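S.K.: Here's the letter readout for the chains.
Number of protein chains: 2
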Amino acid sequence: MIRHVVLLSWNEKSDDEAVAAVTRGFADLPAQIPEIRAYTFGPDLQTDRRNADYVLVADFDDEEDFQTYSNHPAHIDFMKKLTFPILSSFKAAQFALS
Amino acid sequence: MIRHVVLLSWNEKSDDEAVAAVTRGFADLPAQIPEIRAYTFGPDLQTDRRNADYVLVADFDDEEDFQTYSNHPAHIDFMKKLTFPILSSFKAAQFALS
Chain A
4 MIRHVVLLSW NEKSDDEAVA AVTRGFADLP AQIPEIRAYT FGPDLQTDRR
54 NADYVLVADF DDEEDFQTYS NHPAHIDFMK KLTFPILSSF KAAQFALS
Chain B
4 MIRHVVLLSW NEKSDDEAVA AVTRGFADLP AQIPEIRAYT FGPDLQTDRR
54 NADYVLVADF DDEEDFQTYS NHPAHIDFMK KLTFPILSSF KAAQFALS
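Quick note, the sequences are listed as chains A and B, same order.
Using my numbering, you'd call the opening residue of the first sequence number 4 and step up by one each time.
Using my numbering, you'd call the opening residue of the second sequence number 4 and step up by one each time.
Next up, chain A with everything else stripped away, as it sits in the complex:
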């Protein structure tokens, strides 16, 4: 099992509505991409102002399934339409879940 983690920060174009649309977009993906084993996401709780603005944690059986997700048209379409327009920074990594 591998775990994929993303921290996102938003630009000045983001507002509550745009972020809610991102949350709805993430929520729609598991039904379209069966390789997703677990999918958790949400806005930062703002306990620290240095934090990123949004988090995704997703689990996959293996790296091949992760790549299938990453390159899936539903995922790419979601990123292009809802995330990129309000994105200021994006950082990801994947690690092995033991």
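Since the hints were derived computationally from the structure, they do not count as laboratory data.
Being a predicted model, the structure only gives us computed values, none of them experimental.
Hints should not be assumed to be uniformly reliable.
Each pair may be met inside one copy or between any two copies, as identical chains are not told apart.
As the list claims (entries may be wrong) - Okay, derived cross-link-like pairs now, DSS-like style, lysine-lysine, Cα gap no bigger than 30 Å in a straight line:
| # | residue 1 | residue 2 |
| --- | --- | --- |
| 1 | K16 | K94 |
| 2 | K84 | K94 |
| 3 | K83 | K94 |
| 4 | K83 | K16 |
Since chain A is already given, all that's left is putting chain B on it; use the hints.
M.R.: This is chain B only, laid out in the frame that chain A set:
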């Protein structure tokens, strides 16, 4: 339940031994900090060279337990001794697990 996510990147002083010491340090913390509900971590699998170098995902019952962890002497001591010396960047966020 809240999920705490950290992406770490290492500086030029890091090597395999230093990163293995970080992994052992993380592995030792749950026994010392009972507020930790789930604790997963590991080096990035290097599927993308833009990735961060290391990931932590930790779950807590609530924000108070997260703060207890964050300020716990065992956690601070681990960070100071094993993580900060090889750290080039650190980004975190916390979100509500539904």
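S.K.: Of all the hints given earlier, name the ones this structure violates by number, lowest first.
M.R.: Going through the list in order, the structure violates no hint and respects every one.
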